[in-house]
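Trainee: Start from the sequences and build out the full structure, keeping to the hints where you can.
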Amino acid sequence: MTTYVVKKLKFQNGERYSLLMGPDGLPVQEVVLFLNRYRRRGRAAATIHLVCHNLALLYRQCAASNIDLLGRLQQGQFLDSAELGRIAEVSQYKYKDLDYDENAGDIDKQVVDISRIRLRRSKKVKQLEAVGKASQSNRIRYIAAFLDFLVKYCAASLPQSQRRAFEAESLSAMEAFKAQIPKMPKRNQLDAREGLSLEDQNRLMSVVHPESPLNPWKRQFVRRRNWVIVMLLLATGMRGGELLGLQIRDLMANTAQLKILRRADSPDDPRTTQANTKTDDRLLELRPAVMKAVWEYINTDRARIKATRKYAQVFVAQNGFPLSARALSTLFEELRAACPGLPVTLTSHVMRHTWNERFSEQAEEMGLSEQAEKRARNEQQGWSADSESGKTYTRRYASKKGREVALKLQEKLDGNSVV
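Taking the UniProt record's numbering as reference, the numbering of the sequence shown is continuous, increasing by one, and the terminal residue is 419.
Quick caveat, the hints were computed from the structure, so don't treat them as lab data. Heads up, some of the hints might be wrong.
Stated by the list, open to error - Derived DSS-like pairs: lysine-lysine, alpha-carbon spacing no greater than 25 Å straight-line:
(1) K306 x K8
(2) K292 x K218
(3) K218 x K94
(4) K183 x K94
Claimed, not checked - Here are the computed distance ranges between Cβ atoms for each label pair:
(5) R72 x L128: 23 to 33 Å
(6) S387 x T345: 18 to 28 Å
(7) G42 x A134: 33 to 43 Å
(8) A253 x A46: 53 to 63 Å
(9) Y95 x E379: 47 to 57 Å
(10) Q75 x K96: 26 to 36 Å
Quantities reported herein were computed from a predicted structural model and do not represent experimental measurements. For each residue, glycine too, the CB sits at the ideal point set by N, CA and C.
Mentor: And the structure:
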(Lines of atoms letter the chains of each structure in order from A and count residues from 1; the text may use other names and numbers.)
(Lines give C-alpha, C1' and ligand atoms only; values in the text may rest on other atoms or scores of the structure.)
Protein backbone atom coordinates (compact mmCIF):
# COMPACT_ATOMS: atom_id res chain seq x y z
CA MET A 1 0.00 0.00 0.00
CA THR A 2 1.35 3.44 -0.97
CA THR A 3 1.71 5.50 2.19
CA TYR A 4 2.33 9.16 2.85
CA VAL A 5 3.00 9.98 6.50
CA VAL A 6 3.34 13.31 8.30
CA LYS A 7 6.36 13.35 10.61
CA LYS A 8 7.11 15.89 13.33
CA LEU A 9 10.67 16.99 14.04
CA LYS A 10 12.26 18.90 16.88
CA PHE A 11 15.62 20.52 16.12
CA GLN A 12 18.32 21.14 18.73
CA ASN A 13 17.51 24.86 18.78
CA GLY A 14 13.94 23.99 19.80
CA GLU A 15 12.29 24.65 16.44
CA ARG A 16 9.43 22.31 15.58
CA TYR A 17 8.84 21.33 11.97
CA SER A 18 6.74 18.88 9.98
CA LEU A 19 7.61 16.82 6.90
CA LEU A 20 5.57 14.73 4.50
CA MET A 21 7.35 11.40 4.09
CA GLY A 22 6.78 9.46 0.87
CA PRO A 23 6.53 5.68 0.33
CA ASP A 24 10.34 5.55 -0.04
CA GLY A 25 10.76 6.92 3.48
CA LEU A 26 12.16 10.24 2.20
CA PRO A 27 10.61 13.72 2.44
CA VAL A 28 8.51 14.79 -0.55
CA GLN A 29 10.77 17.52 -1.92
CA GLU A 30 8.15 19.73 -3.55
CA VAL A 31 6.22 19.76 -0.27
CA VAL A 32 9.38 20.76 1.61
CA LEU A 33 9.83 23.70 -0.78
CA PHE A 34 6.21 24.75 -0.29
CA LEU A 35 6.29 24.50 3.51
CA ASN A 36 9.49 26.53 3.63
CA ARG A 37 7.45 29.50 2.43
CA TYR A 38 5.39 29.30 5.62
CA ARG A 39 8.51 28.75 7.69
CA ARG A 40 10.20 31.88 6.28
CA ARG A 41 7.10 33.92 7.11
CA GLY A 42 7.35 32.83 10.72
CA ARG A 43 4.12 30.84 10.70
CA ALA A 44 3.46 28.71 13.78
CA ALA A 45 4.63 25.10 13.83
CA ALA A 46 1.01 24.04 14.36
CA THR A 47 -0.01 25.81 11.14
CA ILE A 48 2.76 24.13 9.16
CA HIS A 49 1.75 20.77 10.63
CA LEU A 50 -1.86 21.36 9.60
CA VAL A 51 -0.83 22.27 6.04
CA CYS A 52 1.33 19.14 5.90
CA HIS A 53 -1.65 16.97 6.89
CA ASN A 54 -3.77 18.55 4.18
CA LEU A 55 -1.11 17.80 1.57
CA ALA A 56 -0.86 14.22 2.84
CA LEU A 57 -4.55 13.90 2.03
CA LEU A 58 -3.85 15.13 -1.51
CA TYR A 59 -0.96 12.71 -2.08
CA ARG A 60 -2.84 9.73 -0.64
CA GLN A 61 -5.76 10.42 -2.94
CA CYS A 62 -3.44 10.77 -5.94
CA ALA A 63 -1.73 7.48 -5.04
CA ALA A 64 -5.12 5.77 -4.71
CA SER A 65 -5.98 7.05 -8.19
CA ASN A 66 -2.59 5.91 -9.56
CA ILE A 67 -1.52 9.51 -10.24
CA ASP A 68 2.12 10.59 -10.10
CA LEU A 69 1.32 14.21 -9.25
CA LEU A 70 4.75 15.76 -9.84
CA GLY A 71 5.43 13.61 -12.90
CA ARG A 72 2.09 14.54 -14.43
CA LEU A 73 2.64 18.27 -13.97
CA GLN A 74 6.24 18.10 -15.20
CA GLN A 75 4.85 16.79 -18.49
CA GLY A 76 2.61 19.83 -18.77
CA GLN A 77 -0.59 17.97 -17.89
CA PHE A 78 -2.83 19.08 -15.04
CA LEU A 79 -5.43 17.15 -13.04
CA ASP A 80 -8.79 16.87 -14.76
CA SER A 81 -12.11 17.97 -13.27
CA ALA A 82 -13.07 14.46 -12.13
CA GLU A 83 -9.75 13.99 -10.30
CA LEU A 84 -10.05 17.38 -8.61
CA GLY A 85 -13.65 16.60 -7.73
CA ARG A 86 -12.62 13.44 -5.89
CA ILE A 87 -9.96 15.37 -3.97
CA ALA A 88 -12.61 17.89 -2.91
CA GLU A 89 -14.92 15.02 -1.95
CA VAL A 90 -12.50 13.22 0.37
CA SER A 91 -11.56 16.54 1.99
CA GLN A 92 -14.87 16.49 3.85
CA TYR A 93 -13.96 13.45 5.98
CA LYS A 94 -11.96 13.11 9.18
CA TYR A 95 -8.39 11.84 8.72
CA LYS A 96 -8.86 9.05 11.22
CA ASP A 97 -11.74 7.64 9.18
CA LEU A 98 -9.96 7.60 5.82
CA ASP A 99 -8.18 4.35 5.07
CA TYR A 100 -7.92 3.50 1.39
CA ASP A 101 -8.39 -0.03 0.11
CA GLU A 102 -5.05 -1.83 -0.28
CA ASN A 103 -5.73 -2.45 -3.98
CA ALA A 104 -6.57 1.19 -4.69
CA GLY A 105 -3.21 1.75 -6.36
CA ASP A 106 -3.54 -1.16 -8.82
CA ILE A 107 -3.18 -0.33 -12.49
CA ASP A 108 -6.77 -1.44 -13.21
CA LYS A 109 -8.11 0.71 -10.36
CA GLN A 110 -7.57 4.25 -11.63
CA VAL A 111 -9.86 6.01 -9.13
CA VAL A 112 -10.71 5.63 -5.49
CA ASP A 113 -14.21 4.40 -4.73
CA ILE A 114 -15.53 6.47 -1.83
CA SER A 115 -17.75 3.57 -0.77
CA ARG A 116 -14.64 1.43 -0.19
CA ILE A 117 -13.01 3.84 2.23
CA ARG A 118 -13.24 2.06 5.55
CA LEU A 119 -12.72 2.81 9.20
CA ARG A 120 -9.34 1.75 10.60
CA ARG A 121 -9.32 -1.26 12.93
CA SER A 122 -12.89 -2.10 12.01
CA LYS A 123 -14.21 -5.01 9.99
CA LYS A 124 -17.52 -3.32 9.31
CA VAL A 125 -17.97 -0.45 6.88
CA LYS A 126 -19.44 2.47 8.80
CA GLN A 127 -20.69 5.82 7.74
CA LEU A 128 -17.80 8.28 7.55
CA GLU A 129 -17.82 11.22 9.91
CA ALA A 130 -17.61 14.58 8.19
CA VAL A 131 -15.53 17.51 9.39
CA GLY A 132 -17.01 20.97 9.77
CA LYS A 133 -17.41 23.23 6.77
CA ALA A 134 -14.65 25.52 8.05
CA SER A 135 -12.17 22.61 8.17
CA GLN A 136 -13.15 21.40 4.72
CA SER A 137 -12.80 24.94 3.36
CA ASN A 138 -9.30 25.28 4.82
CA ARG A 139 -8.25 21.90 3.39
CA ILE A 140 -9.32 22.82 -0.13
CA ARG A 141 -7.68 26.26 0.15
CA TYR A 142 -4.34 24.83 1.29
CA ILE A 143 -4.42 22.13 -1.39
CA ALA A 144 -5.28 24.77 -4.01
CA ALA A 145 -2.41 26.98 -2.85
CA PHE A 146 -0.01 24.03 -3.15
CA LEU A 147 -1.27 23.11 -6.62
CA ASP A 148 -0.84 26.75 -7.72
CA PHE A 149 2.72 26.62 -6.38
CA LEU A 150 3.39 23.33 -8.14
CA VAL A 151 2.07 24.63 -11.46
CA LYS A 152 4.49 27.59 -11.35
CA TYR A 153 7.31 25.28 -10.25
CA CYS A 154 6.77 22.85 -13.15
CA ALA A 155 5.83 25.44 -15.78
CA ALA A 156 9.23 27.12 -15.47
CA SER A 157 10.92 24.11 -17.11
CA LEU A 158 8.45 23.76 -20.02
CA PRO A 159 8.84 25.23 -23.53
CA GLN A 160 7.05 28.57 -23.82
CA SER A 161 4.20 27.36 -26.04
CA GLN A 162 3.52 24.33 -23.84
CA ARG A 163 3.85 26.48 -20.73
CA ARG A 164 1.08 28.83 -21.84
CA ALA A 165 -1.30 25.99 -22.62
CA PHE A 166 -0.47 24.30 -19.31
CA GLU A 167 -1.02 27.47 -17.29
CA ALA A 168 -4.32 28.18 -19.06
CA GLU A 169 -5.52 24.60 -18.48
CA SER A 170 -4.57 24.66 -14.81
CA LEU A 171 -6.11 28.10 -14.25
CA SER A 172 -9.48 26.96 -15.56
CA ALA A 173 -9.37 23.71 -13.57
CA MET A 174 -8.34 25.49 -10.36
CA GLU A 175 -11.23 27.95 -10.64
CA ALA A 176 -13.62 25.01 -10.75
CA PHE A 177 -11.79 23.33 -7.84
CA LYS A 178 -11.95 26.43 -5.65
CA ALA A 179 -15.64 26.78 -6.46
CA GLN A 180 -16.15 23.59 -4.41
CA ILE A 181 -15.10 25.38 -1.22
CA PRO A 182 -18.20 25.16 1.01
CA LYS A 183 -20.05 28.40 1.57
CA MET A 184 -19.91 29.52 5.19
CA PRO A 185 -23.24 31.06 6.27
CA LYS A 186 -22.42 34.21 8.24
CA ARG A 187 -25.85 34.63 9.75
CA ASN A 188 -26.16 31.21 11.39
CA GLN A 189 -25.02 31.72 14.99
CA LEU A 190 -27.48 29.34 16.67
CA ASP A 191 -24.90 26.56 17.01
CA ALA A 192 -21.96 28.83 17.86
CA ARG A 193 -19.91 27.91 20.91
CA GLU A 194 -20.98 29.45 24.22
CA GLY A 195 -19.70 29.39 27.77
CA LEU A 196 -21.35 27.61 30.68
CA SER A 197 -24.15 29.19 32.64
CA LEU A 198 -23.29 30.00 36.26
CA GLU A 199 -25.41 27.04 37.38
CA ASP A 200 -23.56 24.62 35.10
CA GLN A 201 -20.21 26.13 36.08
CA ASN A 202 -20.95 25.47 39.76
CA ARG A 203 -22.06 21.94 38.93
CA LEU A 204 -18.83 21.31 37.04
CA MET A 205 -16.71 22.57 39.93
CA SER A 206 -18.58 20.36 42.40
CA VAL A 207 -17.98 17.28 40.22
CA VAL A 208 -14.29 18.00 39.61
CA HIS A 209 -13.50 18.69 43.29
CA PRO A 210 -11.00 16.06 44.49
CA GLU A 211 -13.27 14.99 47.37
CA SER A 212 -16.39 14.64 45.23
CA PRO A 213 -17.84 11.12 44.90
CA LEU A 214 -18.73 12.06 41.30
CA ASN A 215 -15.10 12.83 40.41
CA PRO A 216 -14.33 10.43 37.51
CA TRP A 217 -10.65 9.81 38.37
CA LYS A 218 -9.30 7.29 40.87
CA ARG A 219 -5.74 8.45 41.60
CA GLN A 220 -5.44 11.32 44.06
CA PHE A 221 -2.71 13.00 42.00
CA VAL A 222 -4.93 13.08 38.91
CA ARG A 223 -7.93 14.28 40.93
CA ARG A 224 -6.05 17.23 42.44
CA ARG A 225 -4.20 18.14 39.25
CA ASN A 226 -7.36 18.16 37.14
CA TRP A 227 -9.25 20.16 39.77
CA VAL A 228 -6.51 22.81 39.73
CA ILE A 229 -6.52 22.82 35.91
CA VAL A 230 -10.27 23.45 35.64
CA MET A 231 -10.17 26.04 38.44
CA LEU A 232 -7.26 27.91 36.83
CA LEU A 233 -8.91 27.94 33.39
CA LEU A 234 -12.13 29.34 34.86
CA ALA A 235 -10.26 31.84 37.05
CA THR A 236 -8.12 33.33 34.27
CA GLY A 237 -9.71 32.51 30.91
CA MET A 238 -6.31 31.43 29.58
CA ARG A 239 -6.05 29.13 26.57
CA GLY A 240 -5.29 25.45 26.93
CA GLY A 241 -1.89 25.95 25.27
CA GLU A 242 -1.06 28.73 27.71
CA LEU A 243 -1.93 26.50 30.65
CA LEU A 244 0.21 23.63 29.33
CA GLY A 245 3.13 26.01 28.77
CA LEU A 246 2.92 27.47 32.28
CA GLN A 247 6.19 27.03 34.20
CA ILE A 248 6.76 27.09 37.95
CA ARG A 249 8.92 30.20 37.64
CA ASP A 250 5.93 31.99 36.08
CA LEU A 251 4.13 31.86 39.44
CA MET A 252 4.70 34.77 41.83
CA ALA A 253 3.64 33.36 45.17
CA ASN A 254 4.22 36.52 47.21
CA THR A 255 1.87 38.60 45.07
CA ALA A 256 -0.60 35.88 43.95
CA GLN A 257 0.18 36.62 40.30
CA LEU A 258 1.24 34.54 37.33
CA LYS A 259 2.84 35.41 34.00
CA ILE A 260 1.66 34.20 30.60
CA LEU A 261 4.71 34.22 28.32
CA ARG A 262 5.35 33.32 24.69
CA ARG A 263 8.01 30.61 24.37
CA ALA A 264 7.76 29.48 20.75
CA ASP A 265 10.26 26.76 19.78
CA SER A 266 11.69 26.52 23.28
CA PRO A 267 14.50 23.92 23.49
CA ASP A 268 13.56 23.39 27.16
CA ASP A 269 10.16 21.94 26.24
CA PRO A 270 10.62 18.19 25.62
CA ARG A 271 7.27 17.78 23.85
CA THR A 272 7.48 17.36 20.08
CA THR A 273 4.17 19.21 19.85
CA GLN A 274 4.92 22.22 22.00
CA ALA A 275 2.22 24.05 23.92
CA ASN A 276 2.22 27.60 22.56
CA THR A 277 0.85 30.96 23.65
CA LYS A 278 -1.05 32.71 20.85
CA THR A 279 -1.76 35.93 22.73
CA ASP A 280 0.45 38.70 24.11
CA ASP A 281 2.55 38.30 27.26
CA ARG A 282 0.67 39.45 30.33
CA LEU A 283 0.48 39.38 34.13
CA LEU A 284 -2.66 37.91 35.74
CA GLU A 285 -3.83 38.25 39.33
CA LEU A 286 -5.26 35.32 41.27
CA ARG A 287 -7.23 35.18 44.47
CA PRO A 288 -4.95 33.95 47.28
CA ALA A 289 -7.11 30.82 47.66
CA VAL A 290 -6.59 29.90 44.00
CA MET A 291 -2.83 30.48 44.18
CA LYS A 292 -2.68 28.44 47.39
CA ALA A 293 -4.36 25.49 45.64
CA VAL A 294 -1.85 25.71 42.77
CA TRP A 295 1.13 25.70 45.13
CA GLU A 296 -0.30 22.85 47.21
CA TYR A 297 -0.57 20.77 44.04
CA ILE A 298 3.05 21.65 43.10
CA ASN A 299 4.62 21.15 46.53
CA THR A 300 2.61 18.09 47.54
CA ASP A 301 1.22 16.11 44.61
CA ARG A 302 3.64 17.04 41.83
CA ALA A 303 6.70 16.86 44.11
CA ARG A 304 6.02 13.18 44.88
CA ILE A 305 6.95 12.27 41.30
CA LYS A 306 10.76 12.30 41.06
CA ALA A 307 10.81 12.62 37.27
CA THR A 308 9.21 16.09 37.50
CA ARG A 309 12.51 17.53 38.74
CA LYS A 310 13.75 17.54 35.15
CA TYR A 311 10.91 19.71 33.88
CA ALA A 312 9.77 23.27 34.53
CA GLN A 313 6.15 22.87 33.42
CA VAL A 314 3.53 23.12 36.17
CA PHE A 315 1.21 20.44 34.86
CA VAL A 316 2.62 16.97 34.30
CA ALA A 317 1.44 13.44 33.61
CA GLN A 318 1.74 10.63 36.14
CA ASN A 319 5.15 9.72 34.70
CA GLY A 320 6.41 13.26 35.37
CA PHE A 321 6.53 14.28 31.70
CA PRO A 322 4.87 17.62 30.82
CA LEU A 323 1.18 17.18 30.09
CA SER A 324 0.29 16.99 26.39
CA ALA A 325 -2.51 18.70 24.49
CA ARG A 326 -4.03 15.29 23.84
CA ALA A 327 -4.07 14.53 27.57
CA LEU A 328 -5.84 17.84 28.26
CA SER A 329 -8.42 16.99 25.62
CA THR A 330 -8.92 13.55 27.20
CA LEU A 331 -9.43 15.21 30.59
CA PHE A 332 -12.45 17.09 29.25
CA GLU A 333 -13.75 14.04 27.39
CA GLU A 334 -13.85 12.21 30.72
CA LEU A 335 -15.49 15.18 32.40
CA ARG A 336 -18.18 15.25 29.71
CA ALA A 337 -18.98 11.64 30.56
CA ALA A 338 -19.11 12.51 34.28
CA CYS A 339 -21.37 15.54 33.69
CA PRO A 340 -24.07 14.35 31.28
CA GLY A 341 -26.67 16.89 30.31
CA LEU A 342 -24.45 19.96 30.11
CA PRO A 343 -25.80 22.21 27.34
CA VAL A 344 -22.43 22.62 25.62
CA THR A 345 -19.67 20.32 24.43
CA LEU A 346 -17.19 20.62 27.27
CA THR A 347 -13.62 21.48 26.21
CA SER A 348 -10.81 23.56 27.64
CA HIS A 349 -11.80 26.36 25.25
CA VAL A 350 -15.34 26.40 26.64
CA MET A 351 -13.70 27.43 29.92
CA ARG A 352 -12.34 30.50 28.12
CA HIS A 353 -15.81 31.32 26.81
CA THR A 354 -17.20 30.84 30.32
CA TRP A 355 -14.66 33.25 31.82
CA ASN A 356 -15.66 35.89 29.29
CA GLU A 357 -19.36 35.42 30.12
CA ARG A 358 -18.65 35.91 33.84
CA PHE A 359 -16.44 38.92 33.01
CA SER A 360 -19.31 40.59 31.13
CA GLU A 361 -21.71 39.94 34.00
CA GLN A 362 -19.25 41.36 36.54
CA ALA A 363 -18.51 44.41 34.38
CA GLU A 364 -22.23 45.16 34.17
CA GLU A 365 -22.60 44.77 37.93
CA MET A 366 -19.70 47.19 38.47
CA GLY A 367 -21.20 49.69 36.03
CA LEU A 368 -18.24 49.72 33.62
CA SER A 369 -18.77 51.53 30.34
CA GLU A 370 -18.67 49.44 27.17
CA GLN A 371 -15.30 50.92 26.19
CA ALA A 372 -13.79 50.38 29.65
CA GLU A 373 -15.02 46.78 29.65
CA LYS A 374 -13.48 46.18 26.23
CA ARG A 375 -10.09 47.58 27.27
CA ALA A 376 -10.06 45.57 30.50
CA ARG A 377 -11.06 42.35 28.75
CA ASN A 378 -8.46 42.75 26.00
CA GLU A 379 -5.72 43.35 28.56
CA GLN A 380 -6.71 40.29 30.60
CA GLN A 381 -6.97 38.03 27.55
CA GLY A 382 -3.76 39.20 25.88
CA TRP A 383 -5.47 40.78 22.88
CA SER A 384 -4.51 44.04 21.21
CA ALA A 385 -6.13 47.20 22.60
CA ASP A 386 -8.53 47.55 19.67
CA SER A 387 -9.31 43.83 19.27
CA GLU A 388 -12.94 42.80 18.74
CA SER A 389 -12.26 39.18 19.77
CA GLY A 390 -14.43 39.58 22.85
CA LYS A 391 -17.56 39.40 20.70
CA THR A 392 -16.74 35.79 19.85
CA TYR A 393 -16.57 34.83 23.52
CA THR A 394 -19.67 36.54 24.90
CA ARG A 395 -22.51 35.14 22.78
CA ARG A 396 -24.49 33.80 25.76
CA TYR A 397 -24.30 37.14 27.58
CA ALA A 398 -25.16 39.13 24.44
CA SER A 399 -28.08 36.80 23.67
CA LYS A 400 -29.40 37.15 27.22
CA LYS A 401 -29.22 40.96 27.13
CA GLY A 402 -30.86 40.96 23.70
CA ARG A 403 -33.79 38.91 25.01
CA GLU A 404 -34.17 41.22 28.00
CA VAL A 405 -34.34 44.31 25.78
CA ALA A 406 -36.77 42.62 23.38
CA LEU A 407 -39.11 41.68 26.23
CA LYS A 408 -38.95 45.24 27.59
CA LEU A 409 -40.02 46.52 24.17
CA GLN A 410 -42.97 44.14 24.19
CA GLU A 411 -44.10 45.53 27.55
CA LYS A 412 -44.79 48.82 25.77
CA LEU A 413 -47.28 47.17 23.44
CA ASP A 414 -50.93 47.88 24.11
CA GLY A 415 -52.14 44.88 26.05
CA ASN A 416 -55.36 44.78 24.04
CA SER A 417 -53.37 44.33 20.82
CA VAL A 418 -51.62 41.22 22.06
CA VAL A 419 -53.51 38.00 21.44
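Trainee: Does 26 to 36 Å hold as the CB distance between Q75 and K96, or does it fail?
Mentor: holds, 35 Å
Trainee: Just tell me: holds or violated, for the beta carbon distance of G42 and A134 against 33 to 43 Å?
Mentor: violated, 24 Å
Trainee: The hint says 53 to 63 Å between A253 and A46; measuring C-beta to C-beta, is that right?
Mentor: The hinted range 53 to 63 Å is violated for A253 and A46, with Cβ atoms some 32 Å apart.
Trainee: Do the Cβ positions of R72 and L128 conform to the proposed distance bound of 23 to 33 Å?
Mentor: holds, 27 Å
Trainee: Given a hint of 47 to 57 Å, does the C-beta separation of Y95 and E379 actually sit inside it?
Mentor: violated, 38 Å
Trainee: Does the alpha-carbon distance linking K306 and K8 stay inside the 25 Å limit?
Mentor: With Cα atoms ~28 Å apart, K306 and K8 exceed 25 Å; violated.
Trainee: For a C-alpha distance cap of 25 Å, please report whether K292 and K218 respect it.
Mentor: holds, 23 Å
Trainee: So if I understand the rule, the pair passes when the alpha-carbon distance is 25 Å or less; does K218 with K94 pass?
Mentor: With Cα atoms ~32 Å apart, K218 and K94 exceed 25 Å; violated.
Trainee: Starting from the range 18 to 28 Å, see whether the pair S387 and T345 falls in it by beta-carbon distance.
Mentor: With Cβ atoms ~25 Å apart, the hint holds.
Trainee: Holds or violated: K183 and K94, Cα atoms, limit 25 Å.
Mentor: holds, 19 Å
Checked against the numbered hints given earlier, this structure breaks hints 1, 3, 7, 8, 9; the rest are met.
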